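Student: The primary structure of each chain is shown beneath.
There are 2 protein chains.
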Amino acid sequence: MKWVRYQSDGKTFYGILEGDKVKEVYGSPFDSYTESGTLHNYESIQLLPPVNPPTFYAAGINYEKHVREAAKLLGTEPNIPDKADIGYRAPNALIAHGQPIVVPKDATEKVQYEAELVVVIGKETKNISESNALDCVLGYSVGNDVSERTWQASDRTMWRAKNSDTFKPMGPWIETNASLEDMITTVRLNNREVIKFATNDMIFGVQKYISEITKYITLYPGDVVWMGTDGSSENMKAGDICEIEISGVGTLRNPIASE
Amino acid sequence: MKWVRYQSDGKTFYGILEGDKVKEVYGSPFDSYTESGTLHNYESIQLLPPVNPPTFYAAGINYEKHVREAAKLLGTEPNIPDKADIGYRAPNALIAHGQPIVVPKDATEKVQYEAELVVVIGKETKNISESNALDCVLGYSVGNDVSERTWQASDRTMWRAKNSDTFKPMGPWIETNASLEDMITTVRLNNREVIKFATNDMIFGVQKYISEITKYITLYPGDVVWMGTDGSSENMKAGDICEIEISGVGTLRNPIASE
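Residue numbers (numbering that gives the first Met the number 0), protein chains in the order written: chain A, 0 to 258; chain U, 0 to 258.
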């Protein structure tokens, strides 16, 4: 099942996407819902990010090749994490599928994509085992963890490097029927394939992260966990189009614009 | 004016505190509101954190003495920040005035308070100058940036060190009439004064942080910016009571409990 979130008549709705139609609902996938009876054409709705997360978690470093290639670029030793320590991103930066990633006017040319699997939490959860961890997952989406590399290196935190307005495209929807083992992540920049990797080839998997987080932290419905990216990225510039496909989940496409 | 947020009959309300009475409103201080006509006794309402922030910003290091004393403890050189780089905390960890700070069962004895001024944003704001920055501030509250120091030193991020459930007491209310220059922050542990400092004696002030953030990031109504703490803290243990007063704003009091 594919859940979309969108604006209609100035209000925010969830809907179920079937083919090219969206069945509008009252309520949300996170509590109860009923179909309103209204049908929309998918092409005519104004998509929003599929959820506005109460807390926005991000694994950051979670693929070995990404760590090794980043270290090579910086001339440092690769530092493979030995624990599933979660990080954070900021909801202000979320945009929907199709909306432009706006490069701040004083950014350098090093504005890069990072293709990430997004785990959407469906149920309030504390102290869950790895083997039961997927029970609290509503579904999956696609995220682009856009990063300005010079700020990432120069600033004390990753506030503007990773969280400038529009730097967190997420969507187009939440797919509830998908298997982690089957997913392949592909990035295309202006239709040219630039990265391809097995999505689940993580240092610490979805189950491990959820189990570790919930030893200390309650996960709530609508929370998202972005799972990190593999490989090394290219720069994006105004006029480019960045497309991230995770097979079985969906394809997130955003144009790049200048401020 | 003092804004409280509370639960009544299973619903969440904002109210205006006058003396020992709370005037219930429909709506919120962040948009429009009307008084409902219902009055509560302040002592009988179930307080919530005064806002559930869309994005939860935190300055982290923002007082020189705190940097110097932390460096002395670690045997390192003090590293005074030269830019107002904002950081983040997580909404899952917020609790209200009066609720217990629960020490996780595997935490060390180094669970410490940090007394912080909380700036509550009232208006959507981008690209604001320092001189106009306070125009977007609805008011102020008090925060306790509870920290487990061994995890803060050992983990790749501050996820459990600073964001374990219940580690972010905030309240008791939002005070809209307060002057930064007049505020004094006082911490009392079991009624013994342990820290006292001029709240506004920051490396980078409220206006500077807001102006810097909004060069890249839109602030939204309800966002909070925690401004950092001064001095060095003592450990807290189950049975203790930690009280943070910011004169002209309010007093946040929380008992410590074990898991």
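Don't take each hint at face value.
Result set (DMTMM-like, lysine to aspartate or glutamate): computed pairs, CA atoms no more than 20 Å apart in a straight line [claimed, not checked]:
id: 1; chain 1: A; residue 1: K82; chain 2: U; residue 2: E258
id: 2; chain 1: A; residue 1: K214; chain 2: U; residue 2: E211
id: 3; chain 1: U; residue 1: K195; chain 2: U; residue 2: E180
id: 4; chain 1: A; residue 1: K104; chain 2: U; residue 2: E211
id: 5; chain 1: U; residue 1: K214; chain 2: A; residue 2: D164
id: 6; chain 1: A; residue 1: K82; chain 2: U; residue 2: E180
id: 7; chain 1: A; residue 1: K10; chain 2: U; residue 2: D30
id: 8; chain 1: U; residue 1: K207; chain 2: A; residue 2: D105
id: 9; chain 1: U; residue 1: K214; chain 2: U; residue 2: D81
id: 10; chain 1: U; residue 1: K82; chain 2: A; residue 2: E258
id: 11; chain 1: A; residue 1: K214; chain 2: U; residue 2: E258
id: 12; chain 1: U; residue 1: K214; chain 2: A; residue 2: E108
id: 13; chain 1: U; residue 1: K125; chain 2: A; residue 2: E108
id: 14; chain 1: A; residue 1: K125; chain 2: U; residue 2: E180
id: 15; chain 1: U; residue 1: K125; chain 2: A; residue 2: E244
id: 16; chain 1: A; residue 1: K214; chain 2: U; residue 2: D30
id: 17; chain 1: U; residue 1: K71; chain 2: U; residue 2: D181
id: 18; chain 1: U; residue 1: K104; chain 2: U; residue 2: E211
id: 19; chain 1: A; residue 1: K214; chain 2: U; residue 2: D154
Calculated directly from the structure, the hints in this document are not laboratory data.
The model shown is predicted, which means the values in this text are computed figures rather than measured ones.
Student: Please go over all the hints and tell whether each is borne out by the structure.
Tutor: Checked hints:
Between the alpha carbons of K82(A) and E258(U) the distance comes to roughly 23 Å, so the proposed pair goes past 20 Å and is violated. About 35 Å separates the Cα atoms of K214(A) and E211(U), which puts this hinted pair outside 20 Å; it is violated. Proposed proximity of K195(U) and E180(U) is supported: the alpha carbons are some 15 Å apart, at most 20 Å. For the proposed pair K104(A) and E211(U), the alpha carbon gap of about 14 Å is at most 20 Å, so the pair holds.
Between K214(U) and D164(A), the direct Cα distance comes to roughly 10 Å. Compliance with the 20 Å bound is thereby established for this hinted pair. A C-alpha spacing of about 44 Å is found between K82(A) and E180(U), which places the hinted pair above 20 Å, so the restraint is violated. Distance restraint check for K10(A) and D30(U): the Cα-Cα separation of roughly 16 Å lies within the 20 Å cut-off, and the hinted pair is therefore satisfied. At roughly 19 Å between alpha-carbon atoms, K207(U) and D105(A) fall within 20 Å of each other, so this suggested pair holds.
The hinted pair formed by K214(U) and D81(U) meets the criterion: a straight-line CA distance of about 17 Å does not exceed 20 Å. Between K82(U) and E258(A) the alpha-carbon distance is near 23 Å, which puts this suggested pair outside the 20 Å criterion. Note on K214(A) and E258(U): the hinted pairing holds, with a Cα-Cα distance of about 12 Å set against a maximum of 20 Å. Taking the CA atoms of K214(U) and E108(A), the gap is near 18 Å; set against the 20 Å cutoff, the hint holds.
With a CA separation close to 23 Å, the supplied pair K125(U) and E108(A) exceeds the 20 Å bound. A C-alpha spacing of about 42 Å is found between K125(A) and E180(U), which places the hinted pair above 20 Å, so the restraint is violated. The hinted pair formed by K125(U) and E244(A) fails the criterion: a straight-line CA distance of about 32 Å is larger than 20 Å. This hinted pair does not check out: K214(A) and D30(U) have alpha carbons roughly 37 Å apart, beyond 20 Å.
Using a Cα cut-off of 20 Å, the hinted pair K71(U) and D181(U) is violated, with the two alpha carbons roughly 30 Å apart. For a cut-off of 20 Å, the pair hint linking K104(U) to E211(U) is broken: about 39 Å separates their Cα positions. Of the pairs offered as hints, the one joining K214(A) and D154(U) holds, with about 15 Å between alpha carbons and a cut-off of 20 Å not exceeded.
When the structure is compared with the earlier hints, violations turn up for hints 1, 2, 6, 10, 13, 14, 15, 16, 17, 18 and for no others.
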